[in-house]
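**Q** For reference, the chains in residue letters:
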Amino acid sequence: MIVEAGHYALVLALALAVAQAVVPLWGLRRGDPALMATAAPTAIAQFALVAISFIALSWAHVASDFSLTNVIENSHSAKPLIYKISGVWGNHEGSMLLWVLILVVFGAMVAAFSRAMPDDLRAATLAVQAWISGAFILFILMTSNPFARVFPAPIEGRDLNPVLQDIGLAIHPPLLYFGYVGFSITFSFAAGALICGRIDAAWARFVRPWTLLAWMFLTLGIAMGSYWAYYTLGWGGFWFWDPVENASLMPWLAGTALLHSATVMEKRDALKVWTIFLAILAFSLSLLGTFLVRSGVLTSVHSFASDPQRGVFILMILVFFIGGSLALFAWRAPELKPGGIFAPVSREGSLVLNNLLLTASCATVFVGTLYPLALEAFTAEKISVGAPFFNLTFGPVFLPILLLMPAAQLLAWKRGDLLGAAQRLTFAAAAGFVVALVLGAIHGGPVLSIVGVMIAAYLVVGSFVEVFGRIFTRAISVSTAWSRAVGLPRSAWGAAFAHAGVGVSLFGLAATGWGVEEVLSLRAGDVVKAGPYEVAVMSTQTLPGPNYRATVARTLVRSNGAVVATLDPARRFYPTRQMTTTEAGIVTLGLGQIYVSLSGENADGSLDGRVYWKPFVSLIWMGALIMAFGGLLSLSDRRLRIGVARRARGVAAQPAE
Amino acid sequence: MTRKGRRLTLIASALGVLGVAAALMAFAFRDNIVFFYGPSELAEKAPAPGARLRIGGLVKEGSVKRVGDRNISFVVTDTKKDVSVAYAGQLPDLFREGQGVVAEGVLVGPGQFRADSVLAKHDETYMPRDVADALKKQGVWNENKPQPAGDKK
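Protein sequence lines correspond, in order, to chains A and B. Quick note: the first sequence uses our numbering, first residue 1, plus one each step. Quick note: the second sequence uses our numbering, first residue 1001, plus one each step.
Honestly, the hints are just simulated from the structure, not real lab data. Among the hints, a few may not be true.
[Stated by the list, open to error] Covered stretches of chain B (in silico footprint by chain A; criterion: 3 or more residues with CB under 8 Å from a CB of chain A, positions within the stretch not fixed):
{"#": "1", "region": "1002 to 1014"}
{"#": "2", "region": "1082 to 1091"}
{"#": "3", "region": "1105 to 1115"}
[Stated by the list, open to error] Chain A regions said to be covered by chain B (calculated; three or more residues, Cβ under 8 Å):
{"#": "4", "region": "350 to 356"}
{"#": "5", "region": "359 to 367"}
{"#": "6", "region": "375 to 387"}
[To be verified] Far from chain B by the CB rule (all over 10 Å, computed), these chain A residues:
{"#": "7", "residue": "Trp131"}
{"#": "8", "residue": "Thr512"}
{"#": "9", "residue": "Asn560"}
Keep in mind that this is a model prediction, so the values were computed, not measured. Backbone N, C-alpha and C fix where the C-beta goes; we use that ideal spot for every residue, glycine too.
Whenever a hint applies, use it, and build me the whole structure from the sequences.
**A** Here's what the structure looks like:
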């Protein structure tokens, strides 16, 4: 009954989406405020219906209702509760329902919090959002119904793919989807602005918090996915340039560019056409990612059961939204008047360069990801494009971004002083040199690592030069400095932290060159040296788990003879799926990690294993957390807070240029 | 600088950045692409020894031999043609005789391959026969439905 209610709610949500997609636009055309005003309540009702649907599916999973195909294929009565819940989106149908849920959450949030927006823009934005949610609900109902029943129901399910039975599944997809789907709202804003002809600084102010929100979640989602791959695959790697990873990196790069160009549009009324284009691009790349991951054109751990029909449907959605929005863009964008002018060396100029480099690096990822697919489709020739390609293309294009980032913050709007900015960065550059010298002396090793940490340290210090320059103008007292620091706009602090976060991640990436890797057969009593630590295997044994059997190697990590950690790396065998997973034993010591994973059992009873010492590796993900924290600071800035901007109403109410 | 001059600077720098990116990609594509062949395709195309390739197929039943501590040899087959693979390293969790496998490495001679990484393909919806039969009886299990295969990274 609950399941049928969920299915019915989803059908109702589709009907509401159609109404929300049509009525407000019709109202806009007729200039009827009553019709336009229907957009907000329908968006909220649509959210409520999809939420009911999602809760119904979750209930079926938690209660192990094996009359549902979806539950049979992805659940087992003995599965721990946390995985019963996360298993809801650990499959194709459920993950699409989560996608739609987040789509309508964003629609409802715009309806609830953007009351200060002009009515026509809000109506058009919500209508476009309903087009997207309608298309995806239709996709679910037509090709991927999670509520399909089976009669008679089997007694037991087939269990969730063991690789997915991990806390990562509870965190990574929701975060990533919030990011991916978050760009739907900036897309809707862009399309709405094109429909209404309201593309001005006020629009940029409305859209910026949403971009920031999506960007933060996408940053966290990618970082979490990377950490999950790192600890679950047992290879010690965290980024593989896998097409699925690239699919999430592309919207991130476009979204980062959008975040910066929207600033120029808001502050200087310039780059309007470009900002709108980026808003369309970011979501188009999100859609492309969904297509790549969900259509089955790629085989990876992320592709669930593939069905050609689904691929074609998503491709149609892709073509409709990307083609439609670009057509709208081509039709409306030429009506825009160019805005404020600026010298090439200025804050605007630096942000333009940032955008150029970000989109060019995005293009290298795009080509590297799609070229093999295109080649296979047209010539049946199968190739793979791996890390060497991306290191050679993405690396050099991204490098100038890292070098110029701190300098760009120091340039003034309209006309900047490059020499002055460079002088103010002397200290940061010196800090980079010192760090590189010290770490180079300690670790020696690859030049790339030394250069990497030098740039990273320069970046971290350089990111704060601007805010510190605003706090410490002359010799001032501590209390004045403190009150100035607090008085600075939060967005200034946010930018500093986000940029420093990039430096912190880079530091972790660069330090991978100093890592130690030992591949060997392990027996009880073995001692392995890994960097400054010793890893001792105490015992190996087989232990039962709730729905698996585990081979565990009890391992001690010692430093100068003292035990600092106990690790239990394991291999788990899941009988229901006849699959084995690797559970690495990881401990963070300082900023580095000792990582022990088992990869096989030998006939003589020894275990094949890998022991790694990875100095500074935790910084890779800490950097992402710092970036997201910077985003949060910016989001809390009064000027950008969602729903504030009331003071801007006077500006917004003026007709667009 | 005039408005026109500024616009030209902008366009020139845009073209410059894109040009550099395109040149890098063209350069990287020349040396960093790895072709993928099945055993029959490999025999037919006969690339020169020394070429970096990925080969894929099934691990032939009874062909896996361990020499010494970590030297492994096995045969990749598509039931028509075979390629013998030498590999030094650890095999992935899902490597099994009769199952799919992808090996990346260098061709050393006709039908002779030296792998430096081995990925096992696995069937995500693999299940024990009795469960499969039970589901078949209930009409859930569709024989014709394309079965997914995923690379384990």
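**Q** A separate judgement is required for each hint: does it hold in the structure or not?
**A** Hint check:
no.	hint	in the structure
1	1002 to 1014	holds (count 6)
2	1082 to 1091	holds (count 3)
3	1105 to 1115	violated (count 0)
4	350 to 356	holds (count 3)
5	359 to 367	holds (count 5)
6	375 to 387	holds (count 6)
7	Trp131	30 Å, holds
8	Thr512	17 Å, holds
9	Asn560	30 Å, holds
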